[in-house]
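There are 4 protein chains.
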Amino acid sequence: MSEEKKEIRVGMIGYKFMGKAHSNAYRNLPFFFNLNVVPVMKAISGRNEAKVKEAAQAFGWESYETDWRKLIERDDIDMIDIATPNNMHYEMAIAAAKAGKHIICEKPLAMNTRQAKEMYDAACKSGSIHMICHNYRFAPAVQFAKRLIEQNRLGKINHVRGTYLQDVYLDTESPITWRTRKEITGLGVLGDIGSHNLDLARFLVGEFQEVAALTETFVNQRPAAESENQNEADKKQMEDVTVEDAAALIARFENGAIGTFEATKLAGGNLNGNRFEINGEKGSIRWDLENLNNLEVYFTDDEPGIRGYRTINCTEKYHPYAEAYWPVGHIIGYEHTFINLLSDFFNGIEQGSSPRPNFEDGLRNQILLESIEESAAKKVWINVSEKSNSISIKE
Amino acid sequence: MSEEKKEIRVGMIGYKFMGKAHSNAYRNLPFFFNLNVVPVMKAISGRNEAKVKEAAQAFGWESYETDWRKLIERDDIDMIDIATPNNMHYEMAIAAAKAGKHIICEKPLAMNTRQAKEMYDAACKSGSIHMICHNYRFAPAVQFAKRLIEQNRLGKINHVRGTYLQDVYLDTESPITWRTRKEITGLGVLGDIGSHNLDLARFLVGEFQEVAALTETFVNQRPAAESENQNEADKKQMEDVTVEDAAALIARFENGAIGTFEATKLAGGNLNGNRFEINGEKGSIRWDLENLNNLEVYFTDDEPGIRGYRTINCTEKYHPYAEAYWPVGHIIGYEHTFINLLSDFFNGIEQGSSPRPNFEDGLRNQILLESIEESAAKKVWINVSEKSNSISIKE
Amino acid sequence: MSEEKKEIRVGMIGYKFMGKAHSNAYRNLPFFFNLNVVPVMKAISGRNEAKVKEAAQAFGWESYETDWRKLIERDDIDMIDIATPNNMHYEMAIAAAKAGKHIICEKPLAMNTRQAKEMYDAACKSGSIHMICHNYRFAPAVQFAKRLIEQNRLGKINHVRGTYLQDVYLDTESPITWRTRKEITGLGVLGDIGSHNLDLARFLVGEFQEVAALTETFVNQRPAAESENQNEADKKQMEDVTVEDAAALIARFENGAIGTFEATKLAGGNLNGNRFEINGEKGSIRWDLENLNNLEVYFTDDEPGIRGYRTINCTEKYHPYAEAYWPVGHIIGYEHTFINLLSDFFNGIEQGSSPRPNFEDGLRNQILLESIEESAAKKVWINVSEKSNSISIKE
Amino acid sequence: MSEEKKEIRVGMIGYKFMGKAHSNAYRNLPFFFNLNVVPVMKAISGRNEAKVKEAAQAFGWESYETDWRKLIERDDIDMIDIATPNNMHYEMAIAAAKAGKHIICEKPLAMNTRQAKEMYDAACKSGSIHMICHNYRFAPAVQFAKRLIEQNRLGKINHVRGTYLQDVYLDTESPITWRTRKEITGLGVLGDIGSHNLDLARFLVGEFQEVAALTETFVNQRPAAESENQNEADKKQMEDVTVEDAAALIARFENGAIGTFEATKLAGGNLNGNRFEINGEKGSIRWDLENLNNLEVYFTDDEPGIRGYRTINCTEKYHPYAEAYWPVGHIIGYEHTFINLLSDFFNGIEQGSSPRPNFEDGLRNQILLESIEESAAKKVWINVSEKSNSISIKE
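Chains as they are written, first to last, in our numbering: chain V, 1 to 395; chain A, 1 to 395; chain W, 1 to 395; chain E, 1 to 395.
Chain V extracted, bound-state conformation (with noise of 0.2 Å):
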């Protein structure tokens, strides 16, 4: 059976958290998923050389380089995976697509609008398939959600409310990383969660038209990073937190509906709180991240008496993705979320057209982030829609 499956030689750059994430979901694509693309796990790219082979070994890649132009060149990488630090994003997307590769790019796609329409045009002009990784998209009950309201289940939508809430920045003692220094990340949480949020809300409802939005940073300094901070005189050095740690916005999208949005780290009790309700004339929907199989749904038209939100586990055929997996009610977990993604991506390689979330999502995504930054920094409302439609996308 092998023989007919096409094979496509990965290279990823990064071995961190995502660097992980990726490497189990290339792992177990093929466990889970009859797919006749299938990823190869070729190659590995990291500058630190005993870091990047350790990660090899331990993640499952075939070889490493410590240089990711070579990686990028490689005759024998079909694709190229790119879960680094956001200031990379852009140069290592456009050399990927120069050099032909199908490209996976981790969110925000970019640092600003100007490099991620660079990077959606190469990419469409290279004819390669492309991805953003806004993982929680492929959740089955975000799935199944998105197919409720594609069958109008909820009718109309009035309201989107979505927040991504952690705490993990309560510990003032936790200290600088690269997703707090401006000049690596570009934006703070609004940048690194509230984007996962955002999009969802663009997945589920449709485009924002404007946004009204603030941005705070409440702890402003933090301890400099560990490798600087060897000796115990060092210890108290502190470094600038040059992000925002929290953000809020209003919102109205394109088809009337009106929506409130929030990310923050510093909301103690929420670990991983990426969650939304929407509201629409026949129906309702709530999901959770930190309780991710289900989602809960109340349909406005049930027999009166007997209307409540239900809670539905999406572990059943029924449920997007879900057959691939265990029995009903044997719950996945965060982790299947990108192997779900890649299933789309190979089959996106396979029938020659790049699955949603793709570069124009990320292009998108980071014009309604720049509006949301740019709305915080003047305090007023930004038209997003007129950003938009000032690039040229095409549909």
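Warning: the hint list may mix true and false statements.
Stated by the list, open to error - Simulated crosslink set (BS3-like; lysine-lysine; CA at most 25 Å straight-line):
1) E/Lys16 - V/Lys5
2) A/Lys51 - W/Lys6
3) A/Lys378 - V/Lys387
4) A/Lys20 - A/Lys70
5) W/Lys117 - W/Lys378
6) V/Lys378 - A/Lys387
7) W/Lys20 - A/Lys20
8) E/Lys70 - E/Lys53
9) W/Lys51 - W/Lys20
10) A/Lys117 - A/Lys378
11) W/Lys387 - W/Lys182
12) V/Lys379 - A/Lys387
13) V/Lys16 - V/Lys51
14) W/Lys5 - A/Lys20
15) A/Lys387 - A/Lys125
16) E/Lys146 - E/Lys156
17) V/Lys53 - E/Lys6
18) V/Lys51 - V/Lys70
19) W/Lys51 - A/Lys6
20) E/Lys51 - V/Lys5
21) A/Lys53 - W/Lys6
22) W/Lys42 - W/Lys16
23) A/Lys20 - A/Lys53
24) V/Lys317 - W/Lys282
25) E/Lys282 - A/Lys317
26) A/Lys5 - W/Lys16
27) A/Lys16 - A/Lys182
28) V/Lys5 - E/Lys53
29) E/Lys387 - W/Lys379
30) A/Lys42 - A/Lys20
31) V/Lys16 - E/Lys317
It is worth saying that the hints were derived from the structure and are not from the lab.
Once you've looked at the hints, dock chains A, W and E against the given chain V.
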């Protein structure tokens, strides 16, 4: 024992939903609280004699009036309870204050800030006791939340997110009422339910500094009210909804916290979702009116590994007002929030000072509501603190 | 209007927890329900004159007695409410029945089956209206559950699991009360709280056929009661707990369902966990007294993919008794279960028939409790149906 | 680094649900855990060559066998994983033990106590490492519960209530499988899912002393299995269900605790409700497999007024096994319980001792299951301790 008790003779204006809720509270107050100052249900007032007479009997009032001015003038009335539509509050409260009566007024205090300021000034000048009926402050769980915050159990507060979600307006057959007519109600859902949620934020977090808001009217027309609708032909007659049925805002507080707020009656599956979550540096709290006896509390400095939101059923002697009722775990309901409020009111009469929330809170809330309305209309941030400071409010 | 209403003059015996709860219900019944037969709170009875006098005033009774026999004999008393410790129910109910009074009696009906049968026979013979105070049947959610079952919405019932979990006895300093003394209470937690949960099973599922049970007394001694404990030296005096503080059983029902039940006051974290889940061939329901307004409902024949327990807030006009109170989503509390029960009682007087649960239910429950006690003592299965059949109960 | 690792060559028998779950665990174990002893997926065995060949490829096994005896005899196999229907466990485990192989065996261990005792003796005699696959012990939340109990955080345990509720058998069209045939499965739901829940009770609370039980078969016939069902006429052919589909019991534990337990596949709305609540003198815990990352914990000695069940998301470094996976709040799923179990198994090989649960647990569980079966059949209490004591089990 009763000879020692001071009796306060109450005259109430209004006999519908709020009239019933207030009447119930007066009736039951002495049963649950052993007060030195107690109400006597002297008279109820309403324009329709048949209906007010029926209400007087059903609710337990000794007499009735069809002219509220006569009620206020009666020598055997010591306090006036204003439970009417919003457009009447101003005139009634001013008259009651001038007559030297104690006053309880339903929320929102007035149709605009100018009215509210006059009412506040009149009440202050009269020296009588005054309160505004933000009854949800008086859920034991909310009062307990206040105590935890005052004890600095949450530390410096960074976040508050409040929603008041109902779904009664999803039924498009639901007719026009005074609550959808701008000339009677002033604001729509923002004043009706949003004001409750915003008052809780002021109570627990502090004063708003600035807001950016949007409002929306999703259902623009509704069937004309029943009374105008007697024959079949009339039933199709539609009337304009002249107020918002949804509102959302982001905010900064004077103490540096940031917040998001939303009020709507189109959120399917939410019957009475007056909710908040507050995150401080040391802890968090969550509350939901639909389950009003419970407070969820999280402490950052709980032992590592066993940190998590805990659900507290606020029916123990440690929780404000709870001892007045039943043994632990025997929950109270919506109506008891009014009884608790009244216990503060009559204690206030005994002690000679107006308990919170009083007309100062009503005025501050009105300034806030007007700021939100203005922000939504002009699509700009509005500085609430400046507005408040420009009005001489005694602290 | 009031001249058309028939007044029933009530005499109540007992003035503690249940005395307060019943008094509150009589006071509020006419406020919420527009009945043709209404109570007049004529007299309360208790042995301690100072306390009963105080209770009469606090609870709103016109007069008091210190001898319950005199109360029953009074010509101006039409019904007797027995809210005393269990060992007094028998004598009082027999006397009340002989005097031709209507009777409400607290649960459990009696100290044993023999007493209960006599009480039942006396009540039947008297022709008066009688009920037993299993008030939890009267939560709107429970009555709605009953309706769903009667409409065959759950299909044939296979399973019921009931628990009544409290934790008040975890405090080993909590003193001896009449509820821990066998000679006064008969059974311990089984009679006190277990009987409520078992009554719900009988109400919703049907008659028990056979039971196998265990009981346990985990805390064998407690400080002597406060009243005997006046000087410091006495405080260390301990007294034996002579009843069970935990009980568990498995059961078969006459209709083929099977069940598990448990009652305890040592289940930390459970303040008032009177709960059940019922599973039928077509659907399931769940309820929890701590959140008494909600009923969770599952239908097997819901559309595949969107099956799941839904949470129904039973405050809509579709839910029994709910219209008597507040708009949707404005929850009621513990005390309203008594008001609802009384509305049935006084309607029963008007219609001339005893509403359920009446003394027949009290007797059947007593047989069930005695079967459980016997099963636990002898460590054998006990056939409840046979016991019931051997006693002539009219259907 | 890999040259230092000791490789254990695995042979697995069975390729259906458990075969897939175990295969997945072997594949992923080295990815998440840095072990010194690691599995090599050498061979899988099954009777149907086409299917086992396909499974070998899909699941990642190097080779396959169609005769399990040959698998066990292979010199290049160090351990045997028995993932077959229950009636084969005995013969296979005995053969594997005699061949000196390490053994993992699915639950329940055997068809009866006699078999289980022989298997236990053979495993002890062989000196190899053995475990039984009660994988739910290995949810981080369950292991954390165990740690809390060992630290005496709950105090003396009084209560345990366990249920394992599924609803797959509500579909009466669901055909006969080996799990409904007594000759293959031994026990029905009691052995299949009940055994998991009872094992958790033994793990967390201790050994059972005595039980009183009932069992029931609600659905007596089901369509014949698919394979025998190929033409349309056959489809109506029904076959008897020869095992129970529901079971319930009450129990006493050797340490004085009491318990209630239930297992059923007819509890609509419960997809995989493997749940327990344990109440001790100082605290309580609750767990639910459907939300397996969470543990709910209550402490009696928490500060008065803020006592309540708290929900702990067991994804922090303080929780057993959690560090092997993802950052806090990024939940794991069902399959990871097997990976955690295997990490203990291979650590056990390194350390030379069989981790729990091992064949001793399998034997003790078998005695317990047989006691329950006997109790239900004879309708008497059965003393489990006596049965266990009569069998020489080394501690």
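Results for each hint:
1. For the hint linking E/Lys16 to V/Lys5, the alpha-carbon distance of about 24 Å falls within 25 Å, and the restraint holds.
2. With a CA separation close to 23 Å, the supplied pair A/Lys51 and W/Lys6 stays within the 25 Å bound.
3. Straight-line distance between C-alpha atoms of A/Lys378 and V/Lys387 comes to about 21 Å, which keeps the hinted pair within the 25 Å bound.
4. Between A/Lys20 and A/Lys70 the CA atoms are separated by roughly 21 Å; this keeps the pair inside 25 Å, and the hint holds.
5. As the CA atoms of W/Lys117 and W/Lys378 are separated by approximately 23 Å, the hinted pair is consistent with the 25 Å bound.
6. Annotation: proposed proximity of V/Lys378 to A/Lys387 holds, straight-line Cα distance about 21 Å (limit 25 Å).
7. Simply put, W/Lys20 and A/Lys20 have alpha-carbon atoms about 23 Å apart, close enough for the 25 Å limit, and the pair holds.
8. A C-alpha spacing of about 16 Å is found between E/Lys70 and E/Lys53, which places the hinted pair at or below 25 Å, so the restraint holds.
9. For a cut-off of 25 Å, the pair hint linking W/Lys51 to W/Lys20 stands: about 13 Å separates their Cα positions.
10. A distance of roughly 23 Å separates the Cα atoms of A/Lys117 and A/Lys378; the hinted pair therefore holds under the 25 Å criterion.
11. Note on W/Lys387 and W/Lys182: the hinted pairing holds, with a Cα-Cα distance of about 23 Å set against a maximum of 25 Å.
12. Restraint check: the Cα-Cα separation between V/Lys379 and A/Lys387 comes to about 18 Å, which is no more than 25 Å; the hinted pair holds.
13. Proposed proximity of V/Lys16 and V/Lys51 is supported: the alpha carbons are some 10 Å apart, at most 25 Å.
14. With a C-alpha separation of about 21 Å, the suggested pair W/Lys5 and A/Lys20 falls inside the 25 Å cut-off, and the hint holds.
15. At most 25 Å may separate the alpha-carbon atoms for a hinted pair to count; A/Lys387 and A/Lys125 meet this at roughly 22 Å.
16. With a CA separation close to 14 Å, the supplied pair E/Lys146 and E/Lys156 stays within the 25 Å bound.
17. Taking the CA atoms of V/Lys53 and E/Lys6, the gap is about 21 Å. The hint holds against a cut of 25 Å.
18. Simply put, V/Lys51 and V/Lys70 have alpha-carbon atoms about 18 Å apart, close enough for the 25 Å limit, and the pair holds.
19. Distance check on the hinted pair: W/Lys51 and A/Lys6 sit about 23 Å apart at the alpha-carbon level, within 25 Å; holds.
20. For the given pair, E/Lys51 sits about 19 Å from V/Lys5 by alpha-carbon distance, which is consistent with the 25 Å threshold.
21. With a C-alpha separation of about 21 Å, the suggested pairing of A/Lys53 with W/Lys6 holds against the 25 Å cut-off.
22. For the proposed pair W/Lys42 and W/Lys16, the alpha carbon gap of about 18 Å is at most 25 Å, so the pair holds.
23. With a C-alpha separation of about 14 Å, the suggested pairing of A/Lys20 with A/Lys53 holds against the 25 Å cut-off.
24. For the hint linking V/Lys317 to W/Lys282, the alpha-carbon distance of about 20 Å falls within 25 Å, and the restraint holds.
25. Restraint check for E/Lys282 and A/Lys317: satisfied, since their Cα atoms lie roughly 20 Å apart, inside the 25 Å limit.
26. Of the supplied pair hints, the one linking A/Lys5 and W/Lys16 holds, its CA atoms being roughly 24 Å apart against a limit of 25 Å.
27. For the hint pairing A/Lys16 with A/Lys182, the CA-to-CA distance comes to about 19 Å; that is within 25 Å, so the pair holds.
28. For the given pair, V/Lys5 sits about 17 Å from E/Lys53 by alpha-carbon distance, which is consistent with the 25 Å threshold.
29. Distance restraint check for E/Lys387 and W/Lys379: the Cα-Cα separation of roughly 18 Å lies within the 25 Å cut-off, and the hinted pair is therefore satisfied.
30. Taken as a hint, the A/Lys42 and A/Lys20 pair is honoured in the structure, with Cα atoms around 15 Å apart against an allowance of 25 Å.
31. For a cut-off of 25 Å, the pair hint linking V/Lys16 to E/Lys317 stands: about 17 Å separates their Cα positions.
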